[in-house]
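Enquirer: Sequence:
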Amino acid sequence: MVFHRILMQVIWVGVILSAIMAATATTFPLALPNCPDSCGNVKIPYPFGTIDGCYLNDTANIDDGYYFIKCTSNAQGQPQPMIWNLNVTSISTELSEIDIQMYNSINCYDQSGTPLSLNNRVSLNVPSFTVSVTKNKFVAVGCDTYAFLNGALNGQLSRVGCESTCNETLSVVNGTCSGIGCCQMAIPQDLTNINFEAYSYYSNHTQVWNLNPCSFAFVIQEDKFSFSSDYLISLRNNETLPMVLDWAIRAGTCEVAQNTGKCICGGNSTCIDLKNRSGYRCQCRVGYRGNPYLKDGCQDINECDVKEANNCTSNQFCVNDVGLYHCLCLEGYHLDGEACVPNQAAPKLSLAISLTIGIIVGLSILFVGGSWIYWGLQKRKLIKLREKFFQQNGGLLLQQKLSNHKGSVETGKIYSAEELKKATNNYDESRVLGQGGYGTVYKGILPNNKVIAIKKSKIGNQTQIEQFVNEIIVLTHINHRNVVKLLGCCLETEVPLLVYEFITKGTLSEHIHDKGLSSLLSWEKRLKIAAETAGALAYLHFATSVPIIHRDVKAANILLDDNFTAKVSDFGASKLVPLDQTQLNTLVQGTFGYLDPEYFHTSQLTEKSDVYSFGVVLAELLTGKRALSFDRPEIDRNLAMSFISAVKDDRLVQILEDHIVNEDNIEQLKEVANLAKRCLKVTGEDRPSMKEVAMELEGLVIMEKHPWRNATVYTEETEYLLGAPTQSFSIDVGPSCSSSTVAGYDSIRNEALKPLDDGR
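Counting with mature numbering (1 follows the signal peptide of the UniProt record, and there is no 0), you get residues -22 to -1, 1 to 738 for the letters of the sequence shown.
It is worth saying that the hints were derived from the structure and are not from the lab.
Taking lysine to any residue and the SDA-like style, the derived pairs with C-alpha atoms no more than 25 Å apart in a straight line are:
hint, residue 1, residue 2
1, Lys400, Gly466
2, Lys48, Ser101
3, Lys399, Asn426
4, Lys285, Phe6
5, Lys253, Gln167
6, Lys655, Ile622
7, Lys683, Asn643
8, Lys359, Lys400
9, Lys659, Lys669
10, Lys366, Trp353
11, Lys391, Asp539
12, Lys669, Leu647
13, Lys626, Glu641
14, Lys421, Thr471
15, Lys669, Arg459
16, Lys202, Val111
17, Lys362, Tyr352
18, Lys202, Met163
19, Lys400, Leu424
20, Lys113, Ser206
21, Lys48, Val104
22, Lys253, Glu72
Pairwise CB distance ranges, derived in the manner of DEER restraints:
hint, residue 1, residue 2, range
23, Arg137, Glu316, 52 to 62 Å
24, Phe570, Leu495, 20 to 30 Å
25, Lys391, Asp664, 37 to 47 Å
26, Leu495, Tyr352, 55 to 65 Å
By construction, the Cβ of each residue, glycine as well, lies at the ideal position given by its N, Cα and C atoms.
Work out the full structure: start from the sequences and follow the hints.
Expert: Now the structure itself:
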């Protein structure tokens, strides 16, 4: 007992000495010896520094000079740290982040639409630093605005952008940034050398000048921005905004840096390779804290001083060790397994045996009962989770819609989540066929070797759920050979899944704009594809039980099978038109270059909006040019406008794709060009209907096959094209999903869908 007391006294002395030593080491070095470690209120840790010799500056290192912080004075005479002429507000070695004030892209106009000289294009060319994906977002603000964020991504140019419009202050909702007065995009991973710019989308702000005379674009720290309608004007006064950059040491991998003696990670630290690019970061080991980039920067912390840092109980006391700690029992207690229990006389052997047997039996009962309860709870949890996903993915809304349309729709197969997971090899990236605004499409192979396309929808809010349900409702009303067939769906996963037939040859856009594929697409094939697409759209407008407006017709949404048969796809934006209406006031939605200008200005959606978009597709088939390209001169940037101008000025032959023109088909090319010109009329009333377009194109196809036939005769073949259904319904999706930009104001948010009494 005397020895035990002496031992406890020695231990307590050790504990007290450890606490004293820890108290003297609570501050950690930040900078190199004899170097300033702050500029004003901002800490400056190494590898950053404010004077020569105090920052990482290795002439053999690609990071040379990037870590110099200039400590200057602001307008009030207070110290202000700056890097690349940008204000620095914080530097973290633990998170490998630097907070800066980045410039705001401002593009303003006077009341007549004349551009004012402001900061329209903003750039930051620092290859060793990347824009933080988790801390920032790209935002554009304005009522007549589109903006782009460009940068380098793995040696390739990357571009993302969005569009924002509004026509009155009442339509702008504070706190939201979904395209009405404000739009936003996620930042691509590992983006460097960024630049961003804001533009007027349509009229140089002349139509909204009193409300918003400027377009703004900026990258901003996400938790420091919440949109307000005041920003439509007040952002003009914000020259800079907060942004977070990720930084690292770019001298190769940890292994290379260590082998060459270039690794600057100090003692008690770990070198961590970057995931997607060359470079590394340093991090203090568990139990240490400080600056891992200094030789002795990581120092032991006393876990015993902070209750949350140790797990010692009330019957124990904590003893700090170098880099770790351990717990000892208090006097009067002894260690029994992992717990400290009070000291007591040893029990009789018979009592010990009885207790052991009782404990074993009790534990066995508890184990069996606990296992039964656990598996029961797990099964119940799984059922509830599937019910949650079913409701979250719009299952109840889908049931309601389908019940309203009972008798007019077909249902496909319900696939299990496990079945689709196996078909896509757990959604492996190598199975991705395409990505777009409404989801990602994977190639799947079923156990019977049937190849399918699986659309994994992007569900982030109620609007996207309604778009997903809308796609199912719309496509269950479609039976046509030139529309991709829906095979079934799965709603029991976190995001909803739709299953379609797999279309082998990809999109029409790929075949038009890929030089290797374009030469294989003869004029005869192009004319056939145009006629089949027009027939499918005419069927949607006139032959279904309820008219359907596609709303996103473009070359990327027309798929081709092995026989170059056209398959219309992507119905996420489509609308059912009640039988007693010819137009809908709705949220403007579509794709740059294909969007009907009348629809954009009035928000009134009609079947003639699809006619305009199809006219752009015809122009693509004739010229081989993209609908919208910023690589072309400004006057030719929009294909629809340059095409109409060429036809008017009798310059059609100059813009036709060379390999499709010959003496025998020049007149036919002119006929199709004139048809495209009529489809591209600014006023919808002046455009032909899709039925008229389909009949003209089918007539040209017949003349191509049988020149002695009269192309104007309405044939049985044309009738089948416009109206005859196949044996199963069809739905959108194939190897490539398109990305649409949403903007405008929804003046009728809940259009009533009439019950469908007639058959197809």
